[in-house]
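Peer 1: Single-letter residue listing:
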Amino acid sequence: MTKGDSHPTQGGFAALPSFANRHAALQRLLWPLAGLGLLLLFNLLFDRAFFEITMRDGNLYGPIMTVLRLAVKVMLLATGMTLVIACGGVDLSVGSVMAVAGALVAHLAAQGTWPFAALLGVAVLVALVIGAFNGTLVAFFGLQPIVATLIMMVLGRGVALSITGGLPISVADPGLLFLGRGFVAGIPVPILLVLVVVTLTAVACRKTALGLFIEAVGDNEVASRLSGVNARGIKLLVYMFCAVCAALAALVAIGDVGRVEPDRLGQMLELDAITAVVVGGTVLTGGRFSLLGSVIGALLIQTLTVTLIRQGMPSDVAPVPKALVIIVVCLLQSPKLRAQLAALRPGARRAAA
Amino acid sequence: MNAIFRRQNLPLLVTALVFLVLFGAFSVCFKNFLSLRVVTNLFMNNAHVGIIAVGLTFVILSGGIDLSVGSVLAFTTIFVATLMGKYHFHPALAIAVALLVGTLFGAGQGALIQQYQLPPFLVTLAGMFLARGLAFVISSKEMAIEHGFYKAVAELGLPLPGSVTFGFTACVFVVVLLAGLWMAHLTGFGRNVYAIGGSESSALLMGLPVARTKVQLYALSGFCAALGGVVFTVQAQSGNPLNGLGMELDAIAAVVIGGTLLSGGVGQVAGTLLGVLIYGTILTAPDYLSGFDSSWQRIAIGGLLLVFIILQRFLSRASASAR
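Residue numbers (our numbering), protein chains in the order written: chain A, 1339 to 1691; chain B, 3 to 325.
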């Protein structure tokens, strides 16, 4: 086993021959960045107020801060989801994990005897158990990730509902409220949390061999196993990590809103997270991943939504631009469309069949 | 050969057994449960999920997935209601237009998936967002349908003994089911679908019309989703852009419980009927079992999913491939 052998510089792009060059990673980041830049430019030209940041009581407020705050949940989920997708998997259960962790923490917090650290511990522990369940089904039972996590998606929602008896619970724990609404040095705590989580994850992936192993498993599981990577262990690990990210997102969400609705908390967020990852340039079939890309993807979608709402779009219609972003990104990644465009350019209209 | 055939049918048999045990247990425990009325209601109340699940079965048999069905259902309900309420279309015309739109929507998704080799999961995810958003573009509020034709249709049905009526929606479900069975087992389309699900490249090498079939598949699923929406409007006598939230996953769950493998190639439309009936029975449970609320419903459905999927996994070890 050598690092050079399993490094997917070559193999990783076997599926995308047109990407097979050293600029690929940069190129992938370029598209979401360009999209985000375009949106900001639009706001610069037509909606200057978008950039207004005001200080109130030493804390930062303004549309940009709103975008960041709204994107926090998806950014946290997308961090875990990126690693899962890089392993060739997908996790549909993160929304339900949020509901379970949120409901349990709120339920315990309502008893008043649990300190914040213990609540945090419980949330992480629950997430680890659920993540281990998902990971075991995928890695050791060999189930398709969509199916395995669909089970937990349905099951988890039921568990969350049964914890609270189906009723909403309000959250008054000062620690949780601080996590959701607090400020440190003028910056909202959730944003700091995202920074910390993404940075730690990136360091763990890029300064150790972990990221390499994840890409190797996502690229070619058999080859990675043959070259000595503990593929099953890696898969188990990423699902557990993804669930922990979901639990953190849940804590932020319930602290921010101040209550838990177990039937709504995190609903459909799994799809937003997957969208952010895909928009960020990580391909759904696994292999190369970009944590930064996923964060930019989440910000891009949120900025687009907020911009359109500021331009007068009803918030209900927000899924439409999201859908268009997904389609455009998919098409941009499609080797066939690239080939067709290339064929059109010199006038030779022989599209590959 | 015979053994393989049996092995593939085993999930279906297990599903049938689970349904019989479940239904039998309910019949023993609760009087009045084992009645024509309950069975009729099972068909009527789950007609829309059932119709969607039949279309979805074909997509899943081909190895694809369609996440857009719940949103297409929602879009159809509000679309039909608006066409009639605001633009004074005749119901029959409104329904025809809605079915056409649903079919074209599905065909569009299929064309993207086939033409540009995009992952069905992402394309239909976008389709799900798009249809849901468009539903809200049409109207953000529930819209009642008030038309004599609609009321008359809702009261249609096959009279059964004991003053029970096998309602119109249930009849549509049964017709769709029969059509699905016919298509899956007696037409070239069905054989192509199974072939593509077994191995798309083999199907291509055999000279089967893979591209055409894949577009047809998603068009069929779109049509079924729209028809499910129409049936929903008949039942609810209204349209609402919020209808069918998460229904795609209920339908997928019903298909999987019915013994169809999500990896494609293995499964039956008949299994989907059983899956829908099991799902429906679990949904009616709270009427009889006090304390068995919606949380337990989901836990029960999740648990069943787990059991079935692991069972299928062991049955189909041979055809497994790491994805």
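No lab work stands behind these hints: they were computed from the structure.
None of these values were measured; they are calculated from a predicted model.
Warning: the hint list may mix true and false statements.
Covered stretches of chain B (in silico footprint by chain A; criterion: 3 or more residues with CB under 8 Å from a CB of chain A, positions within the stretch not fixed) [claimed, not checked]:
(1) 15-23
(2) 174-188
(3) 220-230
(4) 253-260
(5) 304-313
In this text, a Cβ means the ideal position worked out from N, Cα and C, and glycines have one as well.
Peer 1: Each hint should be assessed against the structure and marked as holding or not.
Peer 2: Hints versus structure:
no. : hint    : in the structure
1   : 15-23   : violated (count 0)
2   : 174-188 : violated (count 0)
3   : 220-230 : violated (count 0)
4   : 253-260 : holds (count 3)
5   : 304-313 : holds (count 6)
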